[in-house]
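Undergrad: So the protein lines, in turn, are chains F and C. So the first sequence is numbered by this note's numbering: it starts at 124 and just counts up by one. So the second sequence is numbered by this note's numbering: it starts at 29 and just counts up by one.
These are calculated hints, taken from the structure and not from any lab test. Certain hints may be false.
Said to hold, decoys possible - Within a straight-line C-alpha distance of at most 30 Å, the following computed BS3-like cross-link-like pairs (lysine-lysine) qualify:
id	chain 1	residue 1	chain 2	residue 2
1	F	K335	C	K30
2	F	K327	C	K109
3	F	K335	C	K105
4	C	K105	F	K173
5	F	K173	C	K109
6	C	K105	F	K327
7	C	K215	F	K335
8	F	K335	C	K284
9	C	K208	F	K335
Just so we're clear, the structure is a prediction, and the values are computed from it rather than from any experiment.
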Amino acid sequence: MAHEMKMNKKNMVVVEGSYAVAHAVKTCRPNVISAYPITPQTHIVEDLSKFMADGEIPNCEYINVESEFSALSALVGSSAVGARSYSATTSQGLELMHEVLFNVAGMRLPIVMTVTNRAVSAPINIWNDQQDSISQRDTGWIQLYAENIQEVSDMTAQAFKISEDRDIMMPSMTCMDGFILSHVYEPLILLEQDITDEFLPPFKPERTLDPKNPLTFGAFADPHFYTEFRYQQECAMQKALKKIESVADEFYDMYGRYFGGLIDEYHTEDADIIIMAMGSIIGTIKDVIDRLREKNVKVGLLKVRAFRPFPAEAIMKVIRDAKVVVVLDKNISLGMNAGALFIETKSILYNTDITVPVIGYMIGQGGRDIPMSTIERIIAEAEEVIISGIKKESQFTDLKEELI
Amino acid sequence: MKSLLAPGHRGCAGCCDAMAAKFTLMAAGEDCIVVTPTGCLEVMTTPYPETSWDVPWIHSLFENASAVASGIEAGLKALGKQGTKVIAMGGDGATMDIGLQALSGAFERGHNITYVCIDNEAYMNTGVQRSGGTPYNASTTTSPAGKVSFGNPRPKKNMPAIIVAHGSPYVATTSLAYPKDMIAKVKKAIEIEGPTYIHCHAPCTTGWGYDTSKTVEVARMAVQTGLWPLYEVEDGKVTKVRKIGNNKRPVEEYLKMQRRFKHLFTMEGGADEIAKIQAIADKNIEEFSL
């Protein structure tokens with residue numbers, strides 16, 4: 124379906140990305156917010172705290188926990204009693220949550236958490252890349268990546284709706300690039316309360332901790348039963364593929380805004396070169412494409428919005444007829460010399476009839492700037508691949524040789 | 029009275045966890061939600077698809093029971109559900125070691141929860157490894173007595189004092205040998221608004237090494253020697269103490285009941301070590317005027 128944006132500029136305001144997220148969370152009527160401050164997530168939780176102090180979030184408790192580990196653990200309890208539950212974190216905080224992330228997914232608690240993507244230590248670095256959330260890809264959380272602050276605001280409501288669906292009941296991370304989106308001021312339409320109340324009905328899970336109907340949550344499963352629990356989690360993830368698409372469509376119908384479902388496309392129809400990427404880099408790539416299209420370079424963009432569940436079919440459909448695919452990753456799987464999106468993309472093509480060459484670039488680590496000239500150079504290298512094949516399959520970008 | 033912890037669980041004969049959980053539920057009644065961290069109690073009561081719990085119950089992880097309880101309390105409050113008591117019940121390792129940070133956070137924040145520590149003085153579920161609750165000179169699998177060791181080289185962490193320092197309105201020590209006392213204290217803890225704490229001394233037949241019929245006797249002896257004083261602290265002040273009086277026993281009588289202290293009676297220098305343990309008991313007796 125076509126998704127022409129229906130945005131009335133009169134309704135737009137200029138706010139910081141973190142405020143947009145905090146406002147979106149408030150609009151989704153959470154019951155429990157639990158968070159621990161960490162740069163660059165802090166503005167989100169500060170704005171939410173101010174909303175609380177001003178009495179602007181009814182029927183909600185804000186827990187000022189003593190660690191990220193407890194931030195998410197508290198939400199295990201709140202979500203299990205049927206409270207809509209939210210947190211936000213990044214980097215070291217997300218890594219500290221690692222054990223709890225698996226637990227939340229395994230207990231099928233539809234918690235939503237914003238991740239303001241940041242590099243991980245060491246060396247310690249507070250700036251943006253996506254190593255933090257990518258490292259959590261196997262924990263059973265739906266992962267959505269936003270291009271701009273309008274998208275991450277809108278994605279917040281979508282994430283609750285996807286996660287809380289009775290066929291899904293899996294938690295979601297809404298990922299926004301730290302500083303680049305969390306601290307940027309952009310015009311957007313804040314999530315509308317009246318439409319959101321209709322779009323996102325109150326959270327009413329089938330099973331809760333309730334003395335009137337005592338149930339056991341978190342029993343241990345021996346080898347006779349454990350596999351089936353894991354299988355059902357995977358089934359829910361597969362169902363989420365459709366749900367992410369349908370919720371994005373439903374959102375468009377009600378709000379008039381659309382930033383993609385599992386993926387989004389930009390000038391891909393006739394593209395010889397397709398760039399794949401996630402997050403705020405999308406805007407830069409679109410600008411480069413506009414520039415190159417004027418010079419008749421047939422380049423297009425495949426924006427990956429959902430990294431988990433991984434949209435294999437949607438991606439294959441788009442890249443099938445391209446002559447080269449370039450994958451940009453703000454993460455590295457050390458020991459593989461490659462980024463995760465590159466690795467996944469290659470893996471879905473094996474055993475298919477798609478033979479397009481795929482090359483990967485690890486880019487923007489620890490907040491390293493990604494100028495348009497870098498994207499242009501990468502595209503030039505991709506053109507070389509079309510002519511003479513792959514010379515270097517996966518590589519670091521803009522390495523400063525003089526520092527090594 | 030119907031037991032809210034159903035029989036048929038997988039606990040050992042003479043299991044301290046089963047007794048402590050039963051007493052706690054007798055005090056709490058049906059209108060409660062229980063959180064249990066990883067440990068024997070969780071494993072023996074909830075092998076999927078079975079459960080012994082006739083109250084809503086949740087297990088998340090080893091180190092986060094207090095945080096989960098915080099979230100339950102906050103969630104109930106946000107949803108306007110009043111009256112339901114929130115109780116966390118964990119072992120000494122989950123309470124005093126790996127879960128201490130979450131416990132501290134929950135008590136500092138002042139959630140209306142009751143935490144019951146079932147202290148059997150080692151990591152029993154994983155095979156009797158030493159914890160911060162293991163007493164001086166106890167032999168465990170990670171603090172074994174040997175040619176140059178009398179076992180655990182450190183005294184127990186004073187957990188109730190740590191909770192008192194958090195400003196908890198009610199902290200009480202209990203023992204499995206005194207169920208009426210324990211039930212009354214848990215009831216009181218639950219009824220007091222704010223984060224309250226019960227520390228239950230709970231002998232483990234497997235880990236301590238005594239006959240399965242002797243759990244209560246061993247527990248009673250710990251109290252009568254002064255090694256486990258029973259007291260209540262309200263708003264920071266000791267308000268009640270269970271006197272030993274003329275029933276006072278030497279620590280040898282407690283130690284010789286258990287395999288974990290057996291080496292103290294066979295090793296050279298054991299008598300001096302027993303004297304040090306007696307000094308710990310004497311200090312308790314003096315401090316609490318037992």
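Undergrad: Does each hint fit the structure? Answer for all of them.
TA: Each hint, compared with the structure:
For the suggested pair F:K335 and C:K30, the alpha carbons sit about 16 Å apart, so the restraint of at most 30 Å is met. At most 30 Å may separate the alpha-carbon atoms for a hinted pair to count; F:K327 and C:K109 meet this at roughly 15 Å. Under the criterion of a C-alpha separation no larger than 30 Å, the hint pairing F:K335 with C:K105 is consistent with the structure, at around 17 Å. Proximity of C:K105 to F:K173 is assessed by CA-CA distance (about 20 Å); at most 30 Å being required, the pair is judged to hold.
For the proposed pair F:K173 and C:K109, the alpha carbon gap of about 25 Å is at most 30 Å, so the pair holds. About 16 Å separates the Cα atoms of C:K105 and F:K327, which keeps this hinted pair within 30 Å; it holds. As the CA atoms of C:K215 and F:K335 are separated by approximately 21 Å, the hinted pair is consistent with the 30 Å bound. Between F:K335 and C:K284, the direct Cα distance comes to roughly 47 Å. Violation of the 30 Å bound is thereby established for this hinted pair.
For the hint linking C:K208 to F:K335, the alpha-carbon distance of about 27 Å falls within 30 Å, and the restraint holds.
Checked against the numbered hints given earlier, this structure breaks only hint 8.
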